[in-house]
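All chains should be modelled from the sequences, with the hints used to inform the complete structure.
There are 2 protein chains.
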Amino acid sequence: MNYYPPSIRNLIRQIAKLPGIGEKTAERLALHLLHASRKDAELLARSIVEIRERTRLCAACHAWSDAELCPVCSDAGRDATVVCVVEQPADMIAIEKSGAYKGRYHILGGALSPLDGVGPHELRIDSLLEKIPRDRVVEVVLATGTNVEGEATAAYLAERLATLPVRVTRIASGVPMGGDLKYVDQVTLKRAMESRHAVRTA
Amino acid sequence: MNYYPPSIRNLIRQIAKLPGIGEKTAERLALHLLHASRKDAELLARSIVEIRERTRLCAACHAWSDAELCPVCSDAGRDATVVCVVEQPADMIAIEKSGAYKGRYHILGGALSPLDGVGPHELRIDSLLEKIPRDRVVEVVLATGTNVEGEATAAYLAERLATLPVRVTRIASGVPMGGDLKYVDQVTLKRAMESRHAVRTA
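First to last, the protein sequences are chains A and B. Under my numbering, read the first sequence as residues 258 to 459, first letter to last. Under my numbering, read the second sequence as residues 258 to 459, first letter to last.
Calculated from the structure, these hints are not laboratory results. Careful, some of the hints might be misleading.
In silico SDA-like pairs for lysine to any residue, Cα to Cα no more than 25 Å straight-line [stated by the list, open to error]:
| # | chain 1 | residue 1 | chain 2 | residue 2 |
| --- | --- | --- | --- | --- |
| 1 | A | K274 | B | E299 |
| 2 | A | K388 | A | E416 |
| 3 | B | K296 | A | R303 |
| 4 | A | K296 | B | E280 |
| 5 | A | K354 | B | R270 |
| 6 | A | K354 | B | E284 |
| 7 | B | K296 | A | G366 |
| 8 | B | K274 | A | L300 |
| 9 | B | K281 | A | I278 |
| 10 | A | K296 | B | N267 |
| 11 | A | K281 | B | P276 |
| 12 | B | K281 | A | R303 |
| 13 | B | K354 | A | G277 |
| 14 | A | K296 | B | T312 |
| 15 | A | K274 | B | A351 |
| 16 | A | K296 | B | R309 |
| 17 | B | K296 | A | R295 |
| 18 | B | K281 | A | D348 |
| 19 | A | K274 | B | L291 |
| 20 | B | K274 | A | A273 |
| 21 | B | K296 | A | R309 |
| 22 | A | K281 | B | D297 |
| 23 | A | K359 | B | E284 |
| 24 | A | K296 | B | L314 |
| 25 | B | K274 | A | E284 |
| 26 | A | K281 | B | E353 |
| 27 | A | K281 | B | G279 |
| 28 | B | K274 | A | E299 |
| 29 | B | K388 | A | Y260 |
| 30 | B | K274 | A | E310 |
| 31 | B | K281 | A | T282 |
| 32 | B | K359 | A | N259 |
| 33 | B | K354 | A | L291 |
| 34 | A | K274 | B | K354 |
| 35 | B | K296 | A | L314 |
| 36 | A | K281 | B | R285 |
| 37 | B | K296 | A | I278 |
| 38 | B | K274 | A | E307 |
| 39 | B | K281 | A | Y358 |
Next up, the structure:
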């Protein structure tokens with residue numbers, strides 16, 4: 258590292274702090290930026306600062322947003338009577354990428370995890386419950402993770418929602434698409450077998 | 258990409274312009290920067306701008322430098338009477354990392370390549386020739402590449418230096434360390450065979 262003048266050394270060090278970027282890659286990227294056009298380098302630097310200044314959470318669903326409402330909540334074409342509950346904004350992005358969902362979202366901000374000190378009060382559950390009568394929600398899709406915390410959160414929410422006149426569903430678990438059965442773990446296979454559905458009725 | 262608000266989308270796009278960074282990685286890095294400490298994000302943004310503002314070429318050897326002279330040229334412990342000639346600043350860094358060299362450098366700024374319009378006048382050859390009497394140089398190590406352009410440049414420099422009272426050497430070519438002979442290309446093996454040296458004299 259001492260082979261470089263301080264400014265280059267400093268940039269390599271900052272880049273190497275990023276996750277999954279080793280020193281070799283940091284070096285390559287720093288030297289690229291040294292030779293990149295001034296415009297590109299400045300655009301990158303500005304975006305890094307702006308993402309923190311501009312991004313806030315959507316007032317309605319708590320997803321990442323530049324404005325009061327996120328792109329999904331401000332889209333009148335999305336069905337507000339169906340709400341998909343996820344743990345984190347990144348989970349919502351993953352579902353959006355699938356293109357399989359046309360309703361709105363509600364981001365809890367995590368999953369129940371007593372060991373980490375996350376109880377119901379640490380999650381955005383009250384605002385979910387308020388949303389149901391207000392937006393005339395007819396279905397809540399529980400799309401928390403399929404790990405212990407996500408399953409516990411889904412079970413807890415199902416119970417809290419039981420008294421409300423709303424259909425509560427859970428995303429399906431099973432063998433991932435393209436999966437070779439012999440490489441699928443036993444818990445997933447057990448779940449896939451239990452959740453089997455009719456393809457043709459005899 | 259439209260799943261993200263504009264500020265995040267913009268950062269992903271800027272990061273994905275970097276070499277060897279795909280959209281998936283750009284996404285991961287952008288989300289990391291969204292959650293990183295404000296200090297880290299600002300340090301990174303500032304370094305990207307500063308590297309372009311601060312880095313210039315050393316007045317003596319034309320390596321990357323923050324000051325008038327680069328770390329090597331300003332180091333009194335380095336032997337100024339030995340000059341290693343390389344094509345680019347990155348070549349100098351590679352030699353510095355080997356730790357095998359304690360002299361100074363001279364960066365040509367490229368290699369002779371008539372097809373690309375690079376002739377002797379496009380390279381920093383005059384300042385190399387001037388340096389030899391001024392710094393009382395006793396040895397010039399030709400460390401240009403071992404490709405066609407690098408070899409041609411070394412041959413040309415050897416000829417230009419022939420009239421000066423200086424020893425001219427060339428870095429050795431041969432089988433890379435850790436190399437398995439069966440994977441080494443024929444040109445390298447031919448050169449390694451031609452340049453064989455005695456291990457024990459019979």
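Could you grab the alpha-carbon distance between K354 (chain B) and G277 (chain A) and see if it respects the 25 Å cut-off? OK: K354 (chain B) and G277 (chain A) at ~23 Å, within 25 Å.
Is K274 (chain B) within 25 Å of E299 (chain A), Cα to Cα? holds (13 Å)
Checking one constraint from the list: CA of K296 (chain B) to CA of R309 (chain A), max 25 Å. Satisfied? holds (11 Å)
Agreement of K274 (chain B) and A273 (chain A) with the hint, judged by alpha carbon distance not exceeding 25 Å: Within the cut-off at roughly 18 Å; holds.
K281 (chain B) and T282 (chain A) were given as a pair; does the straight-line alpha-carbon distance stay at or below 25 Å? Roughly 16 Å separates the two Cα atoms, so the pair holds.
Compare the distance between the alpha carbons of K354 (chain A) and E284 (chain B) with 25 Å, and conclude whether the hinted pair is satisfied. Holds - the C-alpha atoms of E284 (chain B) and K354 (chain A) are around 13 Å apart, at most 25 Å.
Take a quick look at whether K274 (chain B) and E310 (chain A) sit within 25 Å of each other, Cα to Cα. holds (22 Å)
Pairwise hint evaluation, N259 (chain A) against K359 (chain B), where the allowed Cα distance is 25 Å at most: holds (14 Å)
Can you confirm whether the C-alpha distance between K274 (chain B) and L300 (chain A) stays at or below 25 Å? holds (11 Å)
Given pair status - R285 (chain B), K281 (chain A), alpha carbons within 25 Å: Between K281 (chain A) and R285 (chain B) the Cα gap is close to 19 Å, so the pair holds against 25 Å.
Is it true that the CA of K296 (chain B) sits at most 25 Å from the CA of L314 (chain A)? holds (21 Å)
Check whether the Cα positions of K274 (chain B) and E307 (chain A) lie no farther apart than 25 Å. holds (18 Å)
When held up to the earlier numbered hints, the structure conflicts with none and fits them all.
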